[in-house]
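S.K.: Here is how the chains run, residue by residue.
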Amino acid sequence: GEDVEQSLFLSVREGDSSVINCTYTDSSSTYLYWYKQEPGAGLQLLTYIFSNMDMKQDQRLTVLLNKKDKHLSLRIADTQTGDSAIYFCAAAFSNDYKLSFGAGTTVTVRA
Amino acid sequence: DVKVTQSSRYLVKRTGEKVFLECVQDMDHENMFWYRQDPGLGLRLIYFSYDVKMKEKGDIPEGYSVSREKKERFSLILESASTNQTSMYLCASSSPGQFYGYTFGSGTRLTVV
Chain A
1 GEDVEQSLFL SVREGDSSVI NCTYTDSSST YLYWYKQEPG AGLQLLTYIF
51 SNMDMKQDQR LTVLLNKKDK HLSLRIADTQ TGDSAIYFCA AAFSNDYKLS
101 FGAGTTVTVR A
Chain B
112 DVKVTQSSRY LVKRTGEKVF LECVQDMDHE NMFWYRQDPG LGLRLIYFSY
162 DVKMKEKGDI PEGYSVSREK KERFSLILES ASTNQTSMYL CASSSPGQFY
212 GYTFGSGTRL TVV
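The listed protein sequences derive, respectively, from chains A and B. The first sequence begins at 1 in this note's numbering and counts up by one. The second sequence begins at 112 in this note's numbering and counts up by one.
Excised from the complex, chain A in its bound form:
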C-alpha cells in the first residue's frame, strides 16, 4: 500500500502563510487530497488534485504537486484562527477505492 508522511505540528502567526508538507511513496498515485479536521469533528474535504496537475488554487488555498519528488504541499494564505485544525494528506490509485492517509499535521494559529 501507499505510505504517506507528514510532519506532526505547525505553529503559525495569524495573518502569515502556512505551508503543510506531505510525501508519498507510490508514483502511481492518481488523486491526492487534503482534509481538515476541526476539534471533535470528522474530516472535511478541503481540496484535491489530480496527478496530471502541478498546481491548484482555490481562494486562500494553493496545492502544489511535485511528482518527481512525490511531494505535495498545501499553502494557506492569510492564516486565521479558524484555520487551527488537523490537516490530513491522502493519496489514492485510480483503480483502488481505498485512500492512504498521513498521520495529520496539527496547525496552531497564534495571535
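Please keep in mind that the hints were generated in silico from the structure rather than gathered at the bench. Each hint should be verified, as a subset may be incorrect.
From the structure, some residues in chain B lie toward chain A, with a derived Cβ separation under 8 Å [claimed, not checked]:
(1) G127
(2) L154
(3) F159
(4) P172
(5) G174
(6) S198
(7) L201
(8) F215
(9) G216
Pair by pair, the computed Cβ-Cβ distance ranges are [unchecked claim]:
(10) B:G151 to A:D16: 21 to 29 Å
(11) A:G40 to B:K124: 42 to 50 Å
(12) B:N195 to A:P39: 21 to 29 Å
(13) B:G151 to A:A111: 24 to 32 Å
Calculated from the model, a selection of chain B residues having no Cβ within reach of chain A, i.e. all distances over 10 Å [claimed, not checked]:
(14) D137
(15) K168
(16) S176
Keep in mind that this is a model prediction, so the values were computed, not measured. Virtual Cβ for every residue (Gly too), placed ideally from N, Cα, C.
The hints should help you fit chain B onto chain A, whose structure is shown.
M.R.: Positioned in the frame of chain A, the structure of chain B alone reads:
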C-alpha cells in the same frame, strides 16, 4: 444537508460489553469504511465494505466485526469492549471512480471503562 451520520457523538461503555456503532449514508455510495483515530497515529482502517453483505479487513481488524445488510448502513461491532478500544471512530463512504475521495461522518468518541 447531513450525508454520513454516525448514531452517537459520545459513548461510554464498560469492559466486556458488546458495542454497536452505527453509520448511515444517504448518497447511495457503494463503499463504506470504519477508521479509528488516535493521537499521533492518524487514521487506521479497521474494516471496509464495497457492497452489501461484503466486507474486508483493514489494517487493525482484531477485536472488531462489521455488518452491512443494507447499502446505506454499515455497523461496527466491538464483540467484547476493552479499554484499549477507547478511541475516536470515524465512518466514511465513497463511490467507485469518484474523484473527490471520501465523505466522513462526525465521529463517535468511545470511552471504555
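S.K.: Each hint needs a verdict: does it hold in this structure or not?
M.R.: Cross-check of the supplied hints:
Of the supplied interface hints, the one on B:G127 is violated, with its beta-carbon coming no nearer than about 27 Å to a beta-carbon of chain A, more than 8 Å. Against a cut-off of 8 Å between C-beta atoms, the interface hint on B:L154 holds, since the closest Cβ of chain A lies about 5 Å away. The interface hint given for B:F159 is met, as the beta carbon of that residue sits about 7 Å from the closest beta carbon of chain A, less than 8 Å. Evaluation of the B:P172 hint against chain A yields a violated restraint, the C-beta minimum of about 14 Å exceeding 8 Å.
For B:G174, the shortest C-beta to C-beta distance to chain A is roughly 21 Å, which exceeds 8 Å, and the interface hint is violated. Violation of the interface hint for B:S198 is found here, the shortest Cβ-Cβ separation to chain A being roughly 14 Å, above the 8 Å cut-off. Among the interface hints, the one on B:L201 holds; its C-beta lies about 6 Å from the nearest C-beta in chain A, closer than the 8 Å criterion. The beta carbon of B:F215 comes within 4 Å of a beta carbon in chain A, closer than 8 Å, and the hint placing it at the interface holds.
Hint status for B:G216 relative to chain A: holds, with the closest Cβ pair at about 5 Å, below 8 Å. Checking the proposed 21 to 29 Å range against B:G151 and A:D16 shows it holds: the Cβ atoms sit about 26 Å from each other. For A:G40 paired with B:K124, a C-beta distance near 19 Å fails the hint of 42 to 50 Å. Range check, B:N195 to A:P39: about 23 Å between beta-carbon atoms, so the 21 to 29 Å window is met.
Judged by the Cβ atoms, the range 24 to 32 Å given for B:G151 and A:A111 holds: they are separated by roughly 26 Å. Here B:D137 stays apart from chain A, with its beta-carbon at least about 15 Å from theirs, past the 10 Å limit. Listed as a non-interface residue, B:K168 keeps its Cβ farther than 10 Å from every Cβ of chain A; the least gap is roughly 12 Å. Consistency note on B:S176: stated as away from chain A, and its beta-carbon is indeed over 10 Å from all of that chain's, at 19 Å minimum.
Against the hints set out earlier in the document, violations occur for numbers 1, 4, 5, 6 and 11.
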